[in-house]
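Undergrad: Using the sequences provided together with the hints, build the complete structure.
For the record, the sequence lines run as chains A and B. The opening position of the first sequence corresponds to residue 0 in numbering that gives the first Met the number 0, with each subsequent residue numbered one higher. The opening position of the second sequence corresponds to residue 0 in numbering that gives the first Met the number 0, with each subsequent residue numbered one higher.
Hints listed in this document are in silico derivations from the structure and should not be mistaken for laboratory results. Heads up, a few of these hints could be off.
Repeated chains share a single entry, so a pair holds when one copy, or any two copies, can fit it.
[To be verified] SDA-like, lysine to any residue: derived pairs with alpha carbons at most 20 Å apart:
id: 1; residue 1: K76; residue 2: D88
id: 2; residue 1: K113; residue 2: E102
id: 3; residue 1: K136; residue 2: N20
id: 4; residue 1: K136; residue 2: A125
id: 5; residue 1: K68; residue 2: E116
id: 6; residue 1: K113; residue 2: K136
id: 7; residue 1: K76; residue 2: Q124
id: 8; residue 1: K68; residue 2: S52
id: 9; residue 1: K128; residue 2: N20
id: 10; residue 1: K128; residue 2: N106
id: 11; residue 1: K136; residue 2: L122
id: 12; residue 1: K128; residue 2: R84
id: 13; residue 1: K68; residue 2: Q21
id: 14; residue 1: K75; residue 2: N106
Number of protein chains: 2
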Amino acid sequence: MPDKSSYQLTRQVGYILRRANQRHLTIFADLIPTLTPTQFAALAKLCELGSVSQNELGRQTAMDAATIKGVIDRLKKRQLVTTRRDTDDQRRLFIEASQQGAELYNNTLAAARKISERTLQTLNQAERKTLLELLTKIT
Amino acid sequence: MPDKSSYQLTRQVGYILRRANQRHLTIFADLIPTLTPTQFAALAKLCELGSVSQNELGRQTAMDAATIKGVIDRLKKRQLVTTRRDTDDQRRLFIEASQQGAELYNNTLAAARKISERTLQTLNQAERKTLLELLTKIT
DNA sequence: ACAATATTGTTCGTATACAAACGGATTTTG
DNA sequence: CAAAATCCGTTTGTATACGAACAATATTGT
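TA: Shown next as structure tokens:
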């Protein structure tokens with residue numbers, strides 16, 4: 000017979016993880032209202048890597064094919080990225096940050112740093128390091 | 000001039016938090032395929048609290064009014080919860096776990112414990128405690 | 001008592017997130 | 001070389017998640 004009393008929803012990793020994520024999302028929306036976290040992630044990787052195929056970009060940013068497609072579609076509609084078919088592999092769609100996209104990225108970089116800082120602001124340096132390590136470890 | 004080179008997407012809290020959450024979601028779907036994490040959370044709180052108003056349930060499970068509505072709608076469609084209008088306050092909708100809902104909750108409780116366990120399995124006891132504390136601290 | 005305010009639930013729009021299925025292109029393998 | 005397997009991007013369906021606006025109801029302040 001399972002012990003029903005000992006399960007406390009609000010102490011489970013999943014629940015706390017969701018709440019921490021919610022808090023971060025709020026901070027992100029406050030400091031970078033023009034981009035969502037995933038849009039920013041895609042743009043950041045594009046600026047870092049240059050030209051990448053859509054699915055590869057998804058892998059680099061931890062989004063599955065269906066998700067990255069939606070993200071790119073929205074960035075493209077706002078002309079923050081451009082797309083180009085690969086001539087060698089007709090399936091592949093190369094994505095690149097447009098100049099506007101690159102500018103927006105550069106202009107939001109400072110805010111992005113502030114987001115990380117503010118998310119962790121209740122922790123000291125050692126705790127921040129520990130948290131990131133432990134989170135990485137369970138991923 | 001901002002230092003562009005020092006921003007590494009994959010080392011930012013938000014990114015790591017999202018990935019950790021993804022991992023947990025996968026484990027959850029593996030061990031409890033019949034309920035989503037939020038559905039389970041709602042059901043768990045209902046079984047704990049008995050009858051609660053819809054918005055109050057949302058607060059107890061960290062979901063806003065629009066989100067909890069969708070969750071309850073789906074649980075209701077599957078007859079896992081019942082709803083009843085408050086006679087005192089005509090706006091209020093009371094939610095209650097049905098017998099089916101309570102049974103499903105009891106039957107999934109063991110799996111729910113395994114989910115938390117498996118999510119944290121790469122950490123020792125001290126690390127688990129630390130992680131939960133730090134996550135709670137930034138929430 | 002009554003006007004201002006707040007709360008409850010609903011709806012709409014936008015944006016992840018992912019499973020599943022698909023057609024087409026490429027690569028691997030027997 | 002042909003069959004099988006894989007990979008590419010796309011679409012559909014379901015489920016969070018939340019801002020914003022809304023009507024109906026309750027509560028508060030004067």
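Undergrad: The structure should be examined with respect to each hint, and the outcome stated for every one.
TA: Status of the hints after comparison with the structure:
Proximity of K76 and D88 under a CA criterion of 20 Å is satisfied in neither setting, with 24 Å inside one chain copy and 46 Å between copies. With identical chains, the CA atoms of K113 and E102 are at most 20 Å apart within one copy only, with a shortest distance of 18 Å there and 46 Å across copies. In this assembly of identical chains, the alpha carbons of K136 and N20 lie at most 20 Å apart whether taken from the same copy (17 Å) or from different copies (13 Å). Taking the shortest Cα distances, K136 and A125 sit within 20 Å of each other both inside one copy (16 Å) and across copies (14 Å).
In this homomeric assembly, K68 and E116 never come within 20 Å of each other (Cα to Cα): the closest approach is 30 Å inside a single copy and 33 Å across copies. Proximity of K113 and K136 under a CA criterion of 20 Å is satisfied inter-copy only: 18 Å between copies versus 24 Å inside one chain copy. Taking CA atoms no more than 20 Å apart as the test, K76 paired with Q124 passes in neither setting, with 40 Å inside one copy and 48 Å between copies. For the homomeric pair K68 and S52, the shortest alpha-carbon distance inside one copy (11 Å) is at most 20 Å, but the shortest distance between copies (39 Å) is not.
For a Cα distance limit of 20 Å, the shortest separation of K128 from N20 qualifies both inside one copy, at 18 Å, and across copies, at 19 Å. For a Cα distance limit of 20 Å, the shortest separation of K128 from N106 qualifies neither inside one copy, at 27 Å, nor across copies, at 39 Å. For a Cα distance limit of 20 Å, the shortest separation of K136 from L122 qualifies both inside one copy, at 19 Å, and across copies, at 8 Å. With identical chains, the CA atoms of K128 and R84 are never at most 20 Å apart, being 42 Å at best within one copy and 49 Å at best between copies.
For a Cα distance limit of 20 Å, the shortest separation of K68 from Q21 across copies, 18 Å, qualifies, whereas the shortest one inside one copy, 23 Å, does not. Taking the shortest Cα distances, K75 and N106 sit within 20 Å of each other inside one copy (18 Å), while across copies they are farther apart (47 Å).
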